[in-house]
Every structure is written in structure tokens, then in C-alpha cells.
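All chains, please: the whole structure from these sequences, using the hints.
Protein chains in written order, with the numbering used here: chain U, 1 to 373; chain P, 1001 to 1373.
Heads up, a few of these hints could be off.
[To be verified] Across the chosen pairs, the derived CB separations fall in these ranges:
id, chain 1, residue 1, chain 2, residue 2, range
1, P, S1327, U, K345, 36 to 46 Å
2, P, K1296, U, K345, 31 to 41 Å
3, P, K1071, U, S327, 36 to 46 Å
The hints are simulated quantities; they were obtained by calculation from the structure and are not laboratory data. The beta-carbon is built from N, C-alpha and C at its ideal position, and this holds for glycine as well.
There are 2 protein chains.
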Amino acid sequence: MTKNLGIVETQQITCFERPNSLTLKSGLKLGPITIAYETYGTLNSDKSNAILICHALSGDAHAAGLHKGDKKPGWWDNMIGPGKAFDTNKYFIISSNVLGGCKGTTGPSSINPETKKPYGLSFPVVTIKDMVVVQKALIDRLGIKKLHAVAGGSMGGMQALKWSVLYPDSVNSAIVIATNTGHTAQQIAFHEVGRQAIMTDPNWNNGDYYDKKPPSTGIGLARMVGHITYMSDESMDKKFGRQLIDKERVGFDFSQDFQVESYLKYRGESFVQRFDPNSYLYISKALDYFNLSEEKSLDVVFQNVKANFLVITFTSDWLYPTHQLKSMIKALKINDADVSSCEIKSSYGHDSFLIEADGQSDLITNFLKKESK
Amino acid sequence: MTKNLGIVETQQITCFERPNSLTLKSGLKLGPITIAYETYGTLNSDKSNAILICHALSGDAHAAGLHKGDKKPGWWDNMIGPGKAFDTNKYFIISSNVLGGCKGTTGPSSINPETKKPYGLSFPVVTIKDMVVVQKALIDRLGIKKLHAVAGGSMGGMQALKWSVLYPDSVNSAIVIATNTGHTAQQIAFHEVGRQAIMTDPNWNNGDYYDKKPPSTGIGLARMVGHITYMSDESMDKKFGRQLIDKERVGFDFSQDFQVESYLKYRGESFVQRFDPNSYLYISKALDYFNLSEEKSLDVVFQNVKANFLVITFTSDWLYPTHQLKSMIKALKINDADVSSCEIKSSYGHDSFLIEADGQSDLITNFLKKESK
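As C-alpha cells, this is what we get:
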């Protein structure tokens, strides 16, 4: 029987204190770095039951349970808890906000200790690798030598992949969901529309808006585009179809006529209340820069990988379609990695990884069981 | 052997002079209406060889041939000319700019005779039906009782469909390419992003910008989104992949890194030079309002249709995918219409209707031959 976690709290630690700053992939140094994280369940005595959950573009450390006073639980509450896919009766679940984020981990809205003002655009551009290096510092601080699993969807899947390659001895297994090994031209293109929308908003002010009006319009447009790519043609038709806001008639003007229009506009406009536009720039750039193979072929990249892999994709996910991971699965198999892959039938598009708890739970429960033998 | 048309010119006529203004679908009246059009080939003595070509969102009357001094021919020059799919040795081709457009037909940038200033947002919202009614006035003026064919891709296909339903006795055959019988939630959503981008650009000024700076940023963003939807994942990967602008390295900043980014930004920024942002609003709204079935089912809508149909779609067109026209083909067949349909294999996405001349030409040449028996 599944239960919910109840009240949870976000915690913070600080690493990479100067002079031990982190040297980023760009070559620039950053420190100190505060990491916001949550944990659910209990770490066992030999510290072998830890699972790291990695979030997507607009996610945060609050993956499950309720914050005091909130009615809405964490973003993967349907997957994390007692008796759920990531079973907190068995596992110690860790979820942290990524480097560059805006939910407690150091990012462009954090105070730069040198200037005592928010970093803004003086914050260095970070990569998925940098995010993973910071997560490793958290895992080290918690005294965990090896993760039972690292798991995530979308950008979270990229982090899981990077973990398996960067720290092969620290990852038992990787659960890689609805993602890609490197952003395609189309994936980059949709992000660049979002970035241009933010950066051409006069309120963006070259990233210096923390004591002024934020670029709400720009990030609202970025979020509208994002939402379209996260849903499927079918899920949008099921949810909205051509339903009108005013059931009687269209307005024959440029106010909004269709429910899909007002939904997207509302979701866009309200996004700025929970997300920093500069973080959107930094994190989307990290996604676009991500390319697991870079100069080497994937066959070579995976040579030292020791983890077992569970790869999940969804039939209606046109942003990260199944076929894009075929060459990765092949490259893993060439390297004798244990890989299970499954394409789940779902109409929810890319959002399926957040919604399709049932389909994913059985796969994950069994995969985690196998690995803990 | 195919040849090019050489130099062509856009002509204009004016209809719906007051008090004989056009009553639009909205109930509002509009007049006078100037129609910009081009013709290629020669009208035969019994005026039975005329084919009307209908353009898409950003198209115009200049479908083929060269304007004096230009190097780039009309948008369907690969399809229209001596020996081509629409063979000007046989047929008299007519192409007109749609109502609401900005290339010579009355639209929001036209001078309102009452105020002597551009209409701007005082221009009434128009529909695909209104566009077709205006085209009919042009055909009447040219003394043509029945079109040998009406043809178009994307929004042009919607016009062809509307012609077949609205004027069943005036259309021998309809060539309907890469379109839909009514915009889906996803199709509406992408347009609404573009409209919001234009209308939130401070230079838009509620549509009143004709003596000021136009909303270039807004329409640029709208065009960037549009371009992504017109291409396919595959064609973007073939054309750009992850190629960098500076081959040496990424910039680790928010200038553009990837060629796909600079291509889209350039195409977006240059669009305002050839297209009026208000026309973009009006025409995209007409597309979103289009719903051939409205209260009736398609079976009933097609009851009086007399035309023969050629329906063409493309495998990689994810904006107007093949499956969306299945129920239309069924409804036509239920009404004993002669329907040929073909899905052409192409990697160019929605743009295929502009690019894949070879695949389309054979189908169209044969279809037009059959109908002229």
C-alpha cells in the first residue's frame, strides 16, 4: 500500500568554500556553492540504499511530500514515498536543486559574496557536468560512497547519464527517462526561442532586474513554448480541443478565444512567480550544451561505465522521442552494460515522465529490486 | 521540358465598392477591397482552363516568375510554369494575395478611406471564408464561371477546401496539400505564442505603429517559432545538427553558439522587412478560426460538393500530419466524391509542400489531365 510522505523540509549545505572553489567546465571558478536538498526515508547503516533523484529544467529539490502550509506536493510525489516506485521504506532518497537554479542552490539570483549583490549575468555559465560535480559533493558530504541508483527524466536523465560516465564507481544503476545524449537542432531551437523572448524583454535589463520588475513577459512566452513541447498533439486535443472560453462564440478580435490560449497564457504569466528568468537562461543553456559524446563516440564514452541501466521513453513524447536513444542503448550494449529499455504507451507527451506513475513504477520497482540483490 | 516564366507583374482590381461592401463572417462590413493578383499562361476561349493557386500564412500573389530586378522567383516557381506541375502552356494560373494580407490586397496596413490612415486594429477580423469570397469576386471579374482547379498547401489547402464547399458549381477539382479541416489545440497554441510575442512587443502599440518602429522583436519571435514548426526534426538535424557558429568552441555566454540559433534569429529579424506584424495577427487568427465542420459533421458539410479531390500530405510534416485528414477523406468518400490521396515520403516537414516539387508534380500533372478529359 502506498502512503504519502507528509511534511518535508528543504535543507542546505555549503561546499567549495574559497579557496577551494569549483573549477567549472568553462574554466571559470565558482565558490562558495550552497546546495539545497531534501531527503526522504532513512539511510541504512552501510549507506548502501541511497538513490539520487535529478530534476528537469523547471524542477527543484522538492521532489516529494508537502512543505508546511502547502497543498501541492513535490513534483514527483506520485513516484516517491512509502510503497511507491522509489520506496522510502527501503531507500534513502536524495533530491537536490541544480547548480544555476533558483530554489536554494547557488545560481544567478544568489548573492555574489564579492559584490553583496545578486550575480545576475556575472554568474558563470554552467553545464550538466558541473551540476553533477556539485551533486557529488553533496553525496560525499552525506558520507555516501556509492549510490544505489541515480534517476531522472528529461534534464534529470542527462544528469543520471553523466553520473554513470563521470563517477562509474559511485553508481550502481542509472534510471534514464525521456531524455537524449545530446540536444538536437530542434531541441536547441525551441530553447533559443525562449532565451530570445527573455533577453528581448525590456525588463530583462541584461540580467540586472532583481530590485526591479522582472522580465515576466519574456519568461511567460518561453514557458508557453515549453508547455506546447511538453504536451502531445493528442493530449492537447483531449484537454482543450477547440473549446472556446466563451461558449457562445468567438470574439472576432485579438483577445483570446480558445481555452488552450488562456491556459498557456496563464501558465506562462504565473511562471515568473516561481522561477527566475536568469535561471531559465542558464539551465536551458546547460541543456543545449549537453553532448555526452562530444569528440568521442558513445561506444568510447561508455567504456568505463559500470552501472546497470533502465531506459524509459514514451510513445507520444515528440520532444525526446524514443528513436533518439537507440544509438545510446547500442553503445551501452557494445560495452556489455546491463540495459533494460521500455517505451511506455502514453498520450501525455514529454510530460508522461511526471504523470505516468503506474507504467513507470512497476519497471522501476523491479529494476531496483534486481540491483539490490 | 520545363522552362521558367520570366518577368511577371502583380496587378490589382478593386471590388466591393461602397455601398456594395462585403459583409464579413463576423457581420461587419468592409469595402472597398483591392485584390492583388498575378496570372501566368493564357485563358482559353471558353475560359475553362483557369486554376486558382492559394497561398499560405506568409505567402503572397507572387507565386511564380520574377519581378523585374529580383533574383528570387515567386514562392511556388518550382511548380508553376511551362511544362511544370501547373503547366502554363495548358492552364491559366491565377494567384491572389489574401484578404488581410500585406502584399497589395486590402489588409490592416491599407489606408482606411474614412480616416485616410492605415486601418491597424480597426481592420475587421477576417476568416478563410471571407478570403475565398474575395477570391470569387476576382474570378467573377475575370469572367471565369468555373475553375478547372483550385489548389494550395497549408492555409492554401484550407481555401481550396472552402471553395469546394462554398461554390460547388464553380470548382472542377481541388488540390488540397498539407493542411487540416480545422485547427487543433496544438496548431492554435503555436499561433497564440506568435500573437502574444507581437502584442507584448512595446513597439506594437495596439497595432498603431505604421509611422513608427514596427514590433520587429515580436514578429521575429513569432517567425522563429513558425520556422521550427515548418521544418522537421530530421531536416533540422541534416541542415544544422549541433554545428557551432565558431567552430573552435562554445562561448559559455548567452550570445549564440549553434548555427541553428543564428539561422532562426536571422530569419526572424529579417521577416519584418517583408511582412506586416498586424497581417500576421489577422491571418493567423483566420487560420485558428477555420473549422470546416463547425456545428455540422464533415459528412454533412460535403453533401453538395461536386469537385474531385487530390489530397497530398508528407511523412515528416508534424504540424499538419497525415492522420488529421483521414476523417475528411472518409467524409468525402461517404459523399461519393472522387478522392485520390497520397502521403509523400519527405524529410522536409511542413515545408515539403514548397520544396518537394518532383513528388508533387507527377501527382498533380496526372490529376489535372484526368479532370480535363
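Quick rundown of the hints versus the structure:
As the Cβ distance of S1327 of chain P to K345 of chain U is approximately 22 Å, the hint placing it in 36 to 46 Å is violated. For K1296 of chain P paired with K345 of chain U, a C-beta distance near 34 Å keeps the hint of 31 to 41 Å intact. At about 41 Å, the beta-carbon gap between K1071 of chain P and S327 of chain U stays in the expected band of 36 to 46 Å.
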